[in-house]
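S.K.: Below, each chain spelled out in residue letters.
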Amino acid sequence: MKKIIIVLSLFLSINASAVNKDFFDNVIIANVNQSIDSSTNLIILIEQGDQQAAKISFSNLVRDWKKVEATYLLGDLNENYLDTPRYIDIFHGNNEDIKPQLDLIIESDDDLSYAIYKHSHKTINALEYILFSKDISTPRVKAIALIMAKSISSYLTEILDGYQTHQTQFLKNEQYASAILLNALVAGTYKLKEWRIGDVAGLSKKYKGEPNNHRAEYALSGNSILAIKSILATHQQVINSNKYKDFGDIAREFGANKEIDTAIRNLKKSIASANKIQDENFVGIQGQALYNATNALMKSYYISLMDRLGFVSKVLDADGD
Amino acid sequence: MLTEINPLEYLLSPNKRIYWIFLLSSLLIALAYLWINPRDRRINFSKKLWLHPSAMLDYGYFVFMAIFKVLVILPILFGAKEVTLWVNSALLDQYGFTRLEGFSYTQIMLMFTISLFLISDFTRYWLHRFLHAVPWLWEFHKVHHSAKVLNPLTFYRVHPVESLLFGLRYSLSIGLITGVFIFLFGALIDIYDILGVNILAFVFSIIGSNLRHSHIRLGFGEKFEKFLISPFQHQIHHSKHHVDTNFGGFLAIWDWIFGTLTLSKGVERLKLGIKTDEMKNFRNIRNLLFFPIFSIFNKLKCLFK
Numbered sequence: 328m329k330k331i332i333i334v335l336s337l338f339l340s341i342n343a344s345a346v347n348k349d350f351f352d353n354v355i356i357a358n359v360n361q362s363i364d365s366s367t368n369l370i371i372l373i374e375q376g377d378q379q380a381a382k383i384s385f386s387n388l389v390r391d392w393k394k395v396e397a398t399y400l401l402g403d404l405n406e407n408y409l410d411t412p413r414y415i416d417i418f419h420g421n422n423e424d425i426k427p428q429l430d431l432i433i434e435s436d437d438d439l440s441y442a443i444y445k446h447s448h449k450t451i452n453a454l455e456y457i458l459f460s461k462d463i464s465t466p467r468v469k470a471i472a473l474i475m476a477k478s479i480s481s482y483l484t485e486i487l488d489g490y491q492t493h494q495t496q497f498l499k500n501e502q503y504a505s506a507i508l509l510n511a512l513v514a515g516t517y518k519l520k521e522w523r524i525g526d527v528a529g530l531s532k533k534y535k536g537e538p539n540n541h542r543a544e545y546a547l548s549g550n551s552i553l554a555i556k557s558i559l560a561t562h563q564q565v566i567n568s569n570k571y572k573d574f575g576d577i578a579r580e581f582g583a584n585k586e587i588d589t590a591i592r593n594l595k596k597s598i599a600s601a602n603k604i605q606d607e608n609f610v611g612i613q614g615q616a617l618y619n620a621t622n623a624l625m626k627s628y629y630i631s632l633m634d635r636l637g638f639v640s641k642v643l644d645a646d647g648d
Numbered sequence: 026m027l028t029e030i031n032p033l034e035y036l037l038s039p040n041k042r043i044y045w046i047f048l049l050s051s052l053l054i055a056l057a058y059l060w061i062n063p064r065d066r067r068i069n070f071s072k073k074l075w076l077h078p079s080a081m082l083d084y085g086y087f088v089f090m091a092i093f094k095v096l097v098i099l100p101i102l103f104g105a106k107e108v109t110l111w112v113n114s115a116l117l118d119q120y121g122f123t124r125l126e127g128f129s130y131t132q133i134m135l136m137f138t139i140s141l142f143l144i145s146d147f148t149r150y151w152l153h154r155f156l157h158a159v160p161w162l163w164e165f166h167k168v169h170h171s172a173k174v175l176n177p178l179t180f181y182r183v184h185p186v187e188s189l190l191f192g193l194r195y196s197l198s199i200g201l202i203t204g205v206f207i208f209l210f211g212a213l214i215d216i217y218d219i220l221g222v223n224i225l226a227f228v229f230s231i232i233g234s235n236l237r238h239s240h241i242r243l244g245f246g247e248k249f250e251k252f253l254i255s256p257f258q259h260q261i262h263h264s265k266h267h268v269d270t271n272f273g274g275f276l277a278i279w280d281w282i283f284g285t286l287t288l289s290k291g292v293e294r295l296k297l298g299i300k301t302d303e304m305k306n307f308r309n310i311r312n313l314l315f316f317p318i319f320s321i322f323n324k325l326k327c328l329f330k
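Residue numbers (the working numbering), protein chains in the order written: chain G, 328 to 648; chain Z, 26 to 330.
What the hints contain is simulated information worked out from the structure, not anything from laboratory work.
Among the hints, erroneous ones may be present.
To be verified - Cβ pair distances, simulated, as ranges:
1. Z/49 - G/599: 48 to 58 Å
2. G/352 - Z/45: 16 to 26 Å
3. G/541 - Z/123: 20 to 30 Å
4. Z/99 - G/579: 49 to 59 Å
5. Z/115 - G/536: 13 to 23 Å
6. Z/121 - G/492: 43 to 53 Å
7. Z/99 - G/595: 50 to 60 Å
8. G/492 - Z/247: 21 to 31 Å
9. Z/60 - G/405: 49 to 59 Å
10. Z/228 - G/421: 29 to 39 Å
11. Z/88 - G/352: 47 to 57 Å
12. Z/100 - G/488: 49 to 59 Å
13. Z/75 - G/498: 34 to 44 Å
14. Z/253 - G/570: 32 to 42 Å
For clarity, every value in this text was computed on a predicted model and none was experimentally measured.
Even glycine gets a Cβ: it sits at the ideal position worked out from N, Cα and C.
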């Protein structure tokens, strides 16, 4: 009997530590649903030919897509979904300049179903170019914008289906779930710090001392800082929410109070720094502060990662013989 | 800090060589060995062995070092975590963000577990070999080899400088491997462990690691001893005539590859300890701590005369 109670309490404690369904529904699924709604709304506005409203709706899509991207775990659950985000967004994932290619497509008379054959032509980056530098009252431009928005919406729906299919897989293995979640946070913070801030502010290794606001992720539409804030807000959802049991709560259960507190503090600093950026200008002291804050955030995630490993205690006496 | 001082912790922590399960498994193996080899019973059950002045010094020194390590060595030692962070950060600076995809969680865990074990054993081999080959390091390592009789606590009969070097070795080697793995796989790394100890280290510890410092002449046979260091092979290392062989921790392959392997076969009588005229320099805790420093100082003095 005693044995049964021990086994049962162990089982319960393991389950209590898991990233639970509440988290999955409130963060992962909710964010994808919101992004699908934004893309659907954008499709409607493009169909109506309301460019101004479409531009505002595009900002919403950027905000919601970044939330999905910040915690994209589906590729780890099923490798068939590894490339899906690249079909939606090619920031830093593709070296080609799609603008002249899109210009050619607009100017030509080719059937659009053949002309827009590349994935990169149907991404959010391509859509930004069309919405913010072309006139969608022109039928061909409008048709192109629609193909793009529908493609994005379709991939977002594919992501939702994928998550729903693999939900059990995510929830059943707490160790793996927290590992891929933490990996998403770490990867996201690196890209945030280095690509979205450092490259623009001239602080990354690649562009050291050569700041240029045109390198920002959504320089054309002026949504770059919105994208950054959205990514940071998603991190807030993951590590510091009081609505459901989040990753921070789980870290605390494992005694990593100090580490998670540091991460939350650095996240708050990053959000505060992002709020101070004016007019999409990353150059100067504000850009530097944001870069430093996100760098500290990344470091605190790495430290959490190492504490999760607990490798220090996993080796026998460091003495020799 | 003072609350961390607890020599009993050594018996209760699976990270320690003398964890009670490892001691128990060694005891059971020893009893089985003695049942098969009755001629070795006399020495192993003899009071003279367990109460020998060298053994008594081991017991006292163990308690002293358990305190000394917490108060002096640990605070000055940088950890594997710092090295990991540095390695990962250097790789990020050099190559940018990288993730190796296409490996399953199980494969990554397996690779990490084996890599940690191999690098740890490999660096142990080389540090141990340097402790013998470099004259000033040998002065410190003599403390360990000055044991006239062996018991599980002889493992801890090492000079603080040697402890520090092994701590550094640990931080650097484990930090390096972990930093590289984190860079390549992020949080997807973990190790297969038993009670928090690398499964390989645990298995090798349970099969008689405490008999390395004992008078149980357990060999593994010619074939296995090229791969795994047997307790008797380590006892051979403690003998005056074979002191420059069998440096390995768990694995014998390093000794085999680098030409320092001595198999059990053919080795009969062991004379443990160091040169007879030097044994008198290691009779008490004060000797163990200060004689190596005194000796190095004298050598330096002669050198600069």
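S.K.: It remains to establish, for every hint, whether it holds in the given structure.
M.R.: Each hint tested on the structure:
1. Z/49 - G/599: 48 to 58 Å: holds, 56 Å
2. G/352 - Z/45: 16 to 26 Å: violated, 46 Å
3. G/541 - Z/123: 20 to 30 Å: The hint (20 to 30 Å, Cβ to Cβ) holds, given that residue 541 of chain G and residue 123 of chain Z are roughly 27 Å apart.
4. Z/99 - G/579: 49 to 59 Å: About 26 Å separates the Cβ atoms of residue 99 of chain Z and residue 579 of chain G, which means 49 to 59 Å is violated.
5. Z/115 - G/536: 13 to 23 Å: Holds, since residue 115 of chain Z and residue 536 of chain G (Cβ atoms, about 21 Å apart) stay within the stated range.
6. Z/121 - G/492: 43 to 53 Å: violated, 33 Å
7. Z/99 - G/595: 50 to 60 Å: Taking Cβ atoms as reference, residue 99 of chain Z and residue 595 of chain G lie about 33 Å apart, which means the hint is violated.
8. G/492 - Z/247: 21 to 31 Å: Given a distance of about 56 Å, which is not inside 21 to 31 Å, the answer is violated.
9. Z/60 - G/405: 49 to 59 Å: holds, 56 Å
10. Z/228 - G/421: 29 to 39 Å: violated, 48 Å
11. Z/88 - G/352: 47 to 57 Å: holds, 56 Å
12. Z/100 - G/488: 49 to 59 Å: holds, 55 Å
13. Z/75 - G/498: 34 to 44 Å: violated, 56 Å
14. Z/253 - G/570: 32 to 42 Å: With Cβ atoms ~54 Å apart, the hint is violated.
The structure fails hints 2, 4, 6, 7, 8, 10, 13, 14 (numbered hints given earlier, in ascending order).
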